[in-house]
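If you read the protein sequences in the order shown, they are chains A and B.
Positions 1 to 239 (this note's numbering) are the ones given, in order, by the first sequence.
Positions 240 to 660 (this note's numbering) are the ones given, in order, by the second sequence.
By construction, these hints were calculated from the structure, which means they are not laboratory data.
The reader is advised that the hints may include incorrect statements.
[What the hints assert, rightly or not] Partner residues are not named here, just some residues of chain A that face chain B (Cβ under 7 Å, in silico):
| hint | residue |
| --- | --- |
| 1 | 9 |
| 2 | 10 |
| 3 | 11 |
| 4 | 19 |
| 5 | 20 |
| 6 | 24 |
| 7 | 41 |
| 8 | 46 |
| 9 | 48 |
| 10 | 226 |
[As the list claims (entries may be wrong)] Each pair of labels, with its calculated beta carbon distance range:
| hint | chain 1 | residue 1 | chain 2 | residue 2 | range |
| --- | --- | --- | --- | --- | --- |
| 11 | A | 90 | B | 550 | 49 to 55 Å |
| 12 | A | 5 | B | 522 | 30 to 36 Å |
| 13 | A | 24 | B | 571 | 14 to 20 Å |
| 14 | A | 163 | B | 522 | 56 to 62 Å |
| 15 | B | 585 | A | 98 | 56 to 62 Å |
[Unchecked claim] Capping the alpha-carbon separation at 30 Å, the derived lysine-lysine pairs in DSSO-like fashion look like this:
| hint | chain 1 | residue 1 | chain 2 | residue 2 |
| --- | --- | --- | --- | --- |
| 16 | B | 476 | A | 236 |
| 17 | B | 333 | A | 232 |
| 18 | B | 320 | A | 40 |
| 19 | B | 311 | B | 417 |
| 20 | B | 472 | A | 230 |
| 21 | B | 468 | B | 417 |
| 22 | B | 333 | B | 476 |
| 23 | A | 43 | B | 322 |
| 24 | A | 232 | B | 428 |
| 25 | B | 549 | A | 40 |
| 26 | A | 6 | B | 446 |
| 27 | B | 332 | B | 472 |
| 28 | B | 297 | B | 468 |
Ideal placement from N, C-alpha and C gives every residue a C-beta, glycine not left out.
The primary structure of each chain is shown beneath.
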Amino acid sequence: MAYCPKCGIRVEGDNRPCPLCSFPIPKVNEDDTEGLRARKFPKAANPYPDYTRRVLNRIFIFTTLAVFVAVSLMFYIDYFLNDRFTWSRYSNLSVFAGWVLLFFSFGYVQSYYKVIIGIGLNALVLLFGLDRFDGTLDWFMPLAFPIVTGVTVICIGYWSVIRALSVRGFNVIGSLFIALVILAMWVNFFIQSYQSETNLWSWIIVTVLQLIPVLLIMLAVKYVMPERMKQKIARKFHL
Amino acid sequence: MGDNTWYRLDNAGKLYSSIISSRATTLFRLSATLTSPVHPEYLQRALEATLERFPFFKVQLKQGFFWHYFEKTDRTPEVEKEKYHPCISLSIKKRGSFPYRVYYYNNRIALELSHSLTDGTGGLRFLSELVRQYLYLKESIPVKQETVSEEQLLSETENAFRKYYNKDIPAPRTRLGKSFKLPLPLDEKGYYHIVTGIIDVRKLKEKASAYQASINLFLTAVYIESLLKIQEKVAIKKRPIVINVPVNMRAFFESDTMRNFFVSITPSIDARLGEYTFEEIIQELKIEFSRLLTPKKLSQYIKRSVMGEKFLALRLMPSPIKDIVAPSIYSFFGEGQYTSGLSNLGMIRMPEETEDYIERVECYPPPSIGNKVKAMITSYRNHMYISFGNLSRDRMLEREFFRRIRSLGVEVTIETNDEEM
Numbered sequence: 001m002a003y004c005p006k007c008g009i010r011v012e013g014d015n016r017p018c019p020l021c022s023f024p025i026p027k028v029n030e031d032d033t034e035g036l037r038a039r040k041f042p043k044a045a046n047p048y049p050d051y052t053r054r055v056l057n058r059i060f061i062f063t064t065l066a067v068f069v070a071v072s073l074m075f076y077i078d079y080f081l082n083d084r085f086t087w088s089r090y091s092n093l094s095v096f097a098g099w100v101l102l103f104f105s106f107g108y109v110q111s112y113y114k115v116i117i118g119i120g121l122n123a124l125v126l127l128f129g130l131d132r133f134d135g136t137l138d139w140f141m142p143l144a145f146p147i148v149t150g151v152t153v154i155c156i157g158y159w160s161v162i163r164a165l166s167v168r169g170f171n172v173i174g175s176l177f178i179a180l181v182i183l184a185m186w187v188n189f190f191i192q193s194y195q196s197e198t199n200l201w202s203w204i205i206v207t208v209l210q211l212i213p214v215l216l217i218m219l220a221v222k223y224v225m226p227e228r229m230k231q232k233i234a235r236k237f238h239l
Numbered sequence: 240m241g242d243n244t245w246y247r248l249d250n251a252g253k254l255y256s257s258i259i260s261s262r263a264t265t266l267f268r269l270s271a272t273l274t275s276p277v278h279p280e281y282l283q284r285a286l287e288a289t290l291e292r293f294p295f296f297k298v299q300l301k302q303g304f305f306w307h308y309f310e311k312t313d314r315t316p317e318v319e320k321e322k323y324h325p326c327i328s329l330s331i332k333k334r335g336s337f338p339y340r341v342y343y344y345n346n347r348i349a350l351e352l353s354h355s356l357t358d359g360t361g362g363l364r365f366l367s368e369l370v371r372q373y374l375y376l377k378e379s380i381p382v383k384q385e386t387v388s389e390e391q392l393l394s395e396t397e398n399a400f401r402k403y404y405n406k407d408i409p410a411p412r413t414r415l416g417k418s419f420k421l422p423l424p425l426d427e428k429g430y431y432h433i434v435t436g437i438i439d440v441r442k443l444k445e446k447a448s449a450y451q452a453s454i455n456l457f458l459t460a461v462y463i464e465s466l467l468k469i470q471e472k473v474a475i476k477k478r479p480i481v482i483n484v485p486v487n488m489r490a491f492f493e494s495d496t497m498r499n500f501f502v503s504i505t506p507s508i509d510a511r512l513g514e515y516t517f518e519e520i521i522q523e524l525k526i527e528f529s530r531l532l533t534p535k536k537l538s539q540y541i542k543r544s545v546m547g548e549k550f551l552a553l554r555l556m557p558s559p560i561k562d563i564v565a566p567s568i569y570s571f572f573g574e575g576q577y578t579s580g581l582s583n584l585g586m587i588r589m590p591e592e593t594e595d596y597i598e599r600v601e602c603y604p605p606p607s608i609g610n611k612v613k614a615m616i617t618s619y620r621n622h623m624y625i626s627f628g629n630l631s632r633d634r635m636l637e638r639e640f641f642r643r644i645r646s647l648g649v650e651v652t653i654e655t656n657d658e659e660m
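Using the sequences provided together with the hints, build the complete structure.
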């Protein structure tokens, strides 16, 4: 029998942390009793991750079947009424894109990079199709392509930064703000250039004006906000 | 139960059956550790024999239109080798599942029961019969195989709440308000951390009698004092410490029932009034306990317990909707108002012929999200087993409590179920 020097309580096994305060309890027993001591509890299994996976798989398979039936039905009705595929191309491509989104959100792809790229490609294919089905490409090249590509790249950049951070905490929120501002700039730029209204100078000024409040907020959070408030926010947002 | 193939839940059972979730399983554990390793085949046969004696345990929980109910089944539950964390990972609402399970591990027989089926006292009777039947098979101890009469079965399945319900008396008025909550983060699903402190009962009795208090009252005082100390350290705004203490009503109202028959009293210490010494806490608790623990006062609590169930809007609500709203209502009006729970099953007496073969009897509280840490106490022979069940990894309350017991000069041995320990 060994004692925790801090808690004063007695434990059966020595040479391990105290079960109450994690203070290392020194080795006191001369002979090695570890192997002889019968375990009081089994090495417990946790059935919940498997259970959740099974439920998700069931939902995904059911949805896939429903999507397959819906897509076939829409193609059939469209062809039956118009003797060719007209509106069904739009609806079916959208349904299919939704299904791909579901595939990525159900955790079948482990790496977040692949998920982000996959969702980006999915959006590109969807938008390309919607623009192309009427025979011409109007807004895909000037608007959809750069915006979707930009969002994907910013998301990848954000995720890389988060992963590389040694101290997460508020840096996660800070980087999120930066990412959002860059995103807003990017989207704004392409929308304005599509409307042929881009004045580079005004655009830069607006961008800087957007950045300043964000910077001020971040500085305030870092240096002005009391520690207690920071801890509360960290607790609320699980940072 | 007679020839009926189903029976109603009592009012506590109705509530518990509606709040069941993967975390709040409502399962509590009663276990007996024997002097030799458990033989699974004998245990299975013992379980079958025990179910012959208590046929109303051979049931499955079913969902009715308005309430859940227990339906008799011809299937027999199977004993299993313990593989999960205690009191967790059993979905009793699943088809074919029983509202309890019997585990064995090395020398231990563990019975985990849903609170919708019975309370600690009912569970202990089942466990002691199971152990008796097991030892009869394994060690050939003399067991008189008794036949149960219809009347006995009826009295064991009676709804004692209804029996002692008096609709003309007023329900107790206790507005608790907001109480102190321990700032504990939940651990992942499927984990339940148990810390058991083993204490010499005689030593504790000595200490308690120095304060002219019963052991139960003394431990409640230590529990509250530990919570006050934690509040001092972690909370900015002070709040009352409210403890949920279940009271076995069979001690006050005659009943043989094996279903739920308990009410909860809620002794509290208001930390906003200033610092409390240990003597003051004991003094307050003495007054509170002696004020509440009388048949007259407790019948008011029965009234409150049954009143909810009789509420027309609730009765008309379909049970799936009850399942959705019950957890929030329970956490708002029930557990949300307490800081923690401390339940004492008292001195456990096992059948005399089995005592030599039983080393210890322990119990673990059911996991709950509203009160992430709860404690349950049993005493067997000369030892007291105080088990904390915790849905969080943080052991601030356990640490504070056992350090305090230690500082009173009582030796404590700690055991946990964590594999890394």
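Right, here's what the structure says about each hint:
1. Checking residue 9 (chain A) against chain B by beta carbon gives a least distance of about 5 Å; that is within 7 Å, so the hint holds.
2. With 7 Å as the threshold, the beta carbon of residue 10 (chain A) comes within range of chain B, its nearest partner Cβ sitting at about 4 Å, so the hint holds.
3. Taking 7 Å as the C-beta contact cut-off toward chain B, the hint placing residue 11 (chain A) at the interface holds, the least distance being around 5 Å.
4. Interface hint status for residue 19 (chain A): upheld, as the beta-carbon distance to the closest one in chain B is roughly 5 Å, under 7 Å.
5. Hint status for residue 20 (chain A) relative to chain B: holds, with the closest Cβ pair at about 4 Å, below 7 Å.
6. Violation of the interface hint for residue 24 (chain A) is found here, the shortest Cβ-Cβ separation to chain B being roughly 12 Å, above the 7 Å cut-off.
7. Using the Cβ-Cβ criterion of 7 Å, the hint placing residue 41 (chain A) at the interface with chain B is satisfied: the shortest such distance is roughly 4 Å.
8. For residue 46 (chain A), the shortest C-beta to C-beta distance to chain B is roughly 4 Å, which falls under 7 Å, so the interface hint holds.
9. A cut of 7 Å between beta carbons decides the hint on residue 48 (chain A): the least distance to chain B is about 4 Å, and the hint holds.
10. About 11 Å separates the beta-carbon of residue 226 (chain A) from the nearest beta-carbon of chain B, more than 7 Å, and the hint is not met.
11. At roughly 53 Å, the beta-carbon separation of residue 90 (chain A) and residue 550 (chain B) lies within the given 49 to 55 Å, and the hint holds.
12. Between residue 5 (chain A) and residue 522 (chain B) the Cβ separation comes to about 34 Å, which falls inside the hinted range of 30 to 36 Å.
13. Between residue 24 (chain A) and residue 571 (chain B) the beta carbon distance is about 43 Å. The supplied range of 14 to 20 Å is therefore violated.
14. Range check, residue 163 (chain A) to residue 522 (chain B): Cβ separation about 57 Å, and the 56 to 62 Å hint holds.
15. Taking the beta carbon of each, residue 585 (chain B) and residue 98 (chain A) are about 60 Å apart, inside 56 to 62 Å as hinted.
16. Proposed proximity of residue 476 (chain B) and residue 236 (chain A) is supported: the alpha carbons are some 17 Å apart, at most 30 Å.
17. About 39 Å separates the Cα atoms of residue 333 (chain B) and residue 232 (chain A), which puts this hinted pair outside 30 Å; it is violated.
18. Between residue 320 (chain B) and residue 40 (chain A) the CA atoms are separated by roughly 13 Å; this keeps the pair inside 30 Å, and the hint holds.
19. Of the supplied pair hints, the one linking residue 311 (chain B) and residue 417 (chain B) is violated, its CA atoms being roughly 42 Å apart against a limit of 30 Å.
20. A C-alpha spacing of about 18 Å is found between residue 472 (chain B) and residue 230 (chain A), which places the hinted pair at or below 30 Å, so the restraint holds.
21. A distance of roughly 18 Å separates the Cα atoms of residue 468 (chain B) and residue 417 (chain B); the hinted pair therefore holds under the 30 Å criterion.
22. With a C-alpha separation of about 43 Å, the suggested pairing of residue 333 (chain B) with residue 476 (chain B) is violated against the 30 Å cut-off.
23. A hinted pair counts as satisfied when its Cα atoms are at most 30 Å apart, and residue 43 (chain A) with residue 322 (chain B) qualifies at roughly 7 Å.
24. For the given pair, residue 232 (chain A) sits about 24 Å from residue 428 (chain B) by alpha-carbon distance, which is consistent with the 30 Å threshold.
25. A threshold of 30 Å between alpha carbons decides the hint, and for residue 549 (chain B) with residue 40 (chain A) the separation of about 45 Å lies outside it, so the pair is violated.
26. Our distance criterion of 30 Å between C-alpha atoms is met by residue 6 (chain A) and residue 446 (chain B), whose separation comes to about 22 Å.
27. A C-alpha spacing of about 41 Å is found between residue 332 (chain B) and residue 472 (chain B), which places the hinted pair above 30 Å, so the restraint is violated.
28. Among the hinted pairs, residue 297 (chain B) with residue 468 (chain B) is inconsistent with the structure: their alpha-carbon atoms are about 46 Å apart, more than 30 Å.
In terms of the numbered hints stated before, the structure departs from hints 6, 10, 13, 17, 19, 22, 25, 27, 28, listed from lowest to highest.
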